[in-house]
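Chains as they are written, first to last, in numbering that gives the first Met the number 0: chain A, 0 to 290; chain B, 0 to 330.
Hints should not be assumed to be uniformly reliable.
[To be verified] No more than 25 Å apart at the CA atoms, straight line, and that leaves these computed lysine to aspartate or glutamate pairs for DMTMM-like: (1) K30/B to E188/B; (2) K165/A to E177/A; (3) K182/B to E177/A; (4) K141/B to D151/B; (5) K30/B to D151/B; (6) K268/B to E290/B; (7) K126/B to E264/A; (8) K309/B to E266/B; (9) K92/A to E266/B; (10) K182/B to E314/B; (11) K309/B to D197/B; (12) K92/A to E290/B; (13) K182/B to D197/B; (14) K141/B to E78/B; (15) K141/B to E131/B; (16) K185/B to E266/B; (17) K259/A to E266/B; (18) K309/B to E290/B; (19) K2/B to E78/B; (20) K185/B to E264/A; (21) K309/B to E264/A; (22) K92/A to E186/B; (23) K1/B to E320/B; (24) K30/B to E131/B.
The set of hints was computed from the structure by calculation and includes no laboratory data. From a predicted model like this one, the values you see are computed outputs, not experimental measurements.
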Amino acid sequence: MTISLPGLLSQLLLGLVNGSFYAILSLGLAVIFGLLNVINFAHGALFMLGAVLTWMAMEYLGVNYWVMLIAAPIVVGAFGVLIERLLLRWIYKLDHLYGLLLTLGLTLLIEGVFRSVYGVSGLQYDAPEALSSATDLGFMVLPNYRAWVVVASLVVCFATWYVIEKTRLGAYLRAGTENPRLVEAFGVNVPLMITLTYAFGAGLAAFAGVLAAPVIQVSPLMGQNLIIVVFAVVVIGGMGSIMGAILTGLGLGVIEGFTKVFYPEASSTVVFVIMVIVLLIRPAGLFGKEK
Amino acid sequence: MKKLSLAIYLLLLVALIAAPFFGAYPVFVMKLMCFALFASAFNLLLGYTGLLSFGHAAFLGGSAYVAGHAIKVWGLTPELGLLAGTLSGAFLGWVFGILAIRRQGIYFAMITLALAQMMFFVALQAKFTGGEDGLQGVPRGKLFGLIDLSNDLTMYYVALVIVVAAFLLIVRTIHSPFGQVLKGIKENEPRALSLGYDVSRFKLLAFVISAALSGLAGSLKTLVLGFATLSDVHWTASGQVILMTLVGGLGTLSGPLVGSAVVVLLENKIGELGNFLARLTTVDWFNTLGESVTMVTGLIFVICVLAFRKGIMGEIIAFIERRRAHRQTPH
Numbered sequence: 000m001t002i003s004l005p006g007l008l009s010q011l012l013l014g015l016v017n018g019s020f021y022a023i024l025s026l027g028l029a030v031i032f033g034l035l036n037v038i039n040f041a042h043g044a045l046f047m048l049g050a051v052l053t054w055m056a057m058e059y060l061g062v063n064y065w066v067m068l069i070a071a072p073i074v075v076g077a078f079g080v081l082i083e084r085l086l087l088r089w090i091y092k093l094d095h096l097y098g099l100l101l102t103l104g105l106t107l108l109i110e111g112v113f114r115s116v117y118g119v120s121g122l123q124y125d126a127p128e129a130l131s132s133a134t135d136l137g138f139m140v141l142p143n144y145r146a147w148v149v150v151a152s153l154v155v156c157f158a159t160w161y162v163i164e165k166t167r168l169g170a171y172l173r174a175g176t177e178n179p180r181l182v183e184a185f186g187v188n189v190p191l192m193i194t195l196t197y198a199f200g201a202g203l204a205a206f207a208g209v210l211a212a213p214v215i216q217v218s219p220l221m222g223q224n225l226i227i228v229v230f231a232v233v234v235i236g237g238m239g240s241i242m243g244a245i246l247t248g249l250g251l252g253v254i255e256g257f258t259k260v261f262y263p264e265a266s267s268t269v270v271f272v273i274m275v276i277v278l279l280i281r282p283a284g285l286f287g288k289e290k
Numbered sequence: 000m001k002k003l004s005l006a007i008y009l010l011l012l013v014a015l016i017a018a019p020f021f022g023a024y025p026v027f028v029m030k031l032m033c034f035a036l037f038a039s040a041f042n043l044l045l046g047y048t049g050l051l052s053f054g055h056a057a058f059l060g061g062s063a064y065v066a067g068h069a070i071k072v073w074g075l076t077p078e079l080g081l082l083a084g085t086l087s088g089a090f091l092g093w094v095f096g097i098l099a100i101r102r103q104g105i106y107f108a109m110i111t112l113a114l115a116q117m118m119f120f121v122a123l124q125a126k127f128t129g130g131e132d133g134l135q136g137v138p139r140g141k142l143f144g145l146i147d148l149s150n151d152l153t154m155y156y157v158a159l160v161i162v163v164a165a166f167l168l169i170v171r172t173i174h175s176p177f178g179q180v181l182k183g184i185k186e187n188e189p190r191a192l193s194l195g196y197d198v199s200r201f202k203l204l205a206f207v208i209s210a211a212l213s214g215l216a217g218s219l220k221t222l223v224l225g226f227a228t229l230s231d232v233h234w235t236a237s238g239q240v241i242l243m244t245l246v247g248g249l250g251t252l253s254g255p256l257v258g259s260a261v262v263v264l265l266e267n268k269i270g271e272l273g274n275f276l277a278r279l280t281t282v283d284w285f286n287t288l289g290e291s292v293t294m295v296t297g298l299i300f301v302i303c304v305l306a307f308r309k310g311i312m313g314e315i316i317a318f319i320e321r322r323r324a325h326r327q328t329p330h
């Protein structure tokens with residue numbers, strides 16, 4: 000078996016692309032779980048919404064990719080506000096399990112609606128013209144769009160990390176995660192913060208969805224397989240740390256990419272195998288603290 | 000209460016024995032019974048031990064493949080095929096259990112889901128499962144080499160005996176001292192721990208029993224229908240069994256029976272229901288309801304979690320208890 004360097008590098012890049020999606024999604028899951036104590040199963044559906052909205056905007060209105068890169072997260076974020084205000088708000092006092100079940104139902108509902116309209120086959124979406132070509136780096140040909148996905152994801156991830164870890168707003172958020180009642184006593188509007196946090200997580204998922212539209216086939220079911228892998232990523236990384244979520248996501252994407260080169264049969268299971276190993280060696284996750 | 004519920008169960012049993020003679024399609028009722036067993040086994044875990052497994056499809060579907068393969072390729076008799084399926088369910092449950100029990104609450108659900116997804120990919124790629132086509136043409140064979148199961152009616156009564164026996168085993172487990180400890184763990188895990196119970200071992204054993212019985216349900220389903228497919232290992236099957244248990248009533252014996260019947264009937268009859276509603280309301284959209292099973296399932300999930308957490312049987316039992324309490328208070 001011979002493996003060419005360009006082939007290896009292009010799989011590495013593809014792995015980084017997938018890893019970027021894992022990173023953004025697990026980041027959103029972690030932030031939402033921190034404050035709401037809800038594991039948002041609907042994260043995959045929100046990711047799908049971002050991609051499908053992008054496709055719809057192009058198909059019906061002729062609105063281009065760059066507009067949707069901003070607009071889709073805002074629309075889905077607003078949808079997130081509705082979800083939080085109308086549904087999630089009622090179950091905070093209950094067992095965590097109900098949050099998972101409610102968002103699972105929501106996922107089936109959202110996916111069902113789009114399935115009944117678009118079926119399960121993929122919808123074609125082309126990369127924007129500015130990024131559709133490739134750059135020859137000498138040792139490999141770099142598809143511009145993939146490079147853009149990685150860069151844009153990294154910027155968004157680190158911006159999120161910076162806001163949460165280094166700013167006053169982030170400090171409120173972290174305090175709210177530790178002890179919401181105390182923070183409320185200091186005059187912070189915690190219910191509003193919760194709503195905005197969910198909306199932000201939803202927006203992040205939609206942003207990843209827009210990025211994914213030209214590289215993954217857009218379909219109503221595109222989110223559901225991804226979200227299960229992201230769950231495994233979250234178990235591996237632990238939900239305690241923002242940076243942990245980002246690094247675990249990217250790292251696992253790269254490992255998955257390499258697996259595709261060396262042992263393609265295992266590429267769809269490798270993340271789960273790693274999860275098993277981590278559970279055996281470090282049950283709390285690589286960056287986790289038991290909560 | 001006890002006498003009343005015993006009478007109802009006996010009535011249900013009589014109805015099941017008589018059903019084929021009153022026009023019920025035996026294969027459909029057998030499918031219902033398999034799901035009722037699956038949901039009851041799942042409820043042992045969620046309703047009585049407080050563990051949300053999101054990976055029970057792996058046991059249902061995995062055992063369905065094992066039993067199908069054992070009967071079709073190895074030529075085992077049906078009872079040995081069922082045994083092989085049940086044991087493989089137990090083994091898989093043991094593996095899942097020792098991994099998932101290392102974490103608690105929401106992580107437990109995510110780990111079981113991820114492990115089951117791994118099993119899904121294994122089933123998709125492995126040779127013996129037939130991939131996308133599934134494992135087709137599993138013969139029913141002769142029970143103990145004597146009783147020919149190819150007759151639907153014979154198969155029906157054999158299936159009924161198996162399901163009733165398994166259900167009685169679940170009832171016995173719940174009422175045993177072991178079951179009481181499980182309930183104690185569900186109510187307050189630290190307390191059970193401080194009383195000296197090895198909580199992890201109890202959880203693991205409950206998980207293995209639940210997985211084994213789910214495996215039995217899956218194997219029986221293969222035997223009845225003659226095939227095993229990917230849809231049984233898909234994560235939506237895990238979601239479906241959660242829904243059945245939730246709709247029927249968590250932590251009630253009868254809940255999963257009612258819940259599985261409601262969900263299976265709904266999924267099979269929703270097209271007809273849609274057509275009926277379309278005629279009733281003259282809204283054409285209802286005619287397409289048959290293609291939107293996922294949507295309706297999702298809606299039921301949302302409603303159940305928000306407003307109907309006790310489930311059908313849970314609400315009925317609570318209602319009866321309220322009335323009794325009301326009657327007993329002296330005026």
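Hint by hint, here is what the structure shows:
no.: 1; hint: K30/B to E188/B; verdict: 36 Å, violated
no.: 2; hint: K165/A to E177/A; verdict: 17 Å, holds
no.: 3; hint: K182/B to E177/A; verdict: 30 Å, violated
no.: 4; hint: K141/B to D151/B; verdict: 13 Å, holds
no.: 5; hint: K30/B to D151/B; verdict: 12 Å, holds
no.: 6; hint: K268/B to E290/B; verdict: 11 Å, holds
no.: 7; hint: K126/B to E264/A; verdict: 12 Å, holds
no.: 8; hint: K309/B to E266/B; verdict: 22 Å, holds
no.: 9; hint: K92/A to E266/B; verdict: 32 Å, violated
no.: 10; hint: K182/B to E314/B; verdict: 20 Å, holds
no.: 11; hint: K309/B to D197/B; verdict: 30 Å, violated
no.: 12; hint: K92/A to E290/B; verdict: 36 Å, violated
no.: 13; hint: K182/B to D197/B; verdict: 14 Å, holds
no.: 14; hint: K141/B to E78/B; verdict: 9 Å, holds
no.: 15; hint: K141/B to E131/B; verdict: 29 Å, violated
no.: 16; hint: K185/B to E266/B; verdict: 32 Å, violated
no.: 17; hint: K259/A to E266/B; verdict: 38 Å, violated
no.: 18; hint: K309/B to E290/B; verdict: 29 Å, violated
no.: 19; hint: K2/B to E78/B; verdict: 34 Å, violated
no.: 20; hint: K185/B to E264/A; verdict: 40 Å, violated
no.: 21; hint: K309/B to E264/A; verdict: 44 Å, violated
no.: 22; hint: K92/A to E186/B; verdict: 16 Å, holds
no.: 23; hint: K1/B to E320/B; verdict: 12 Å, holds
no.: 24; hint: K30/B to E131/B; verdict: 22 Å, holds
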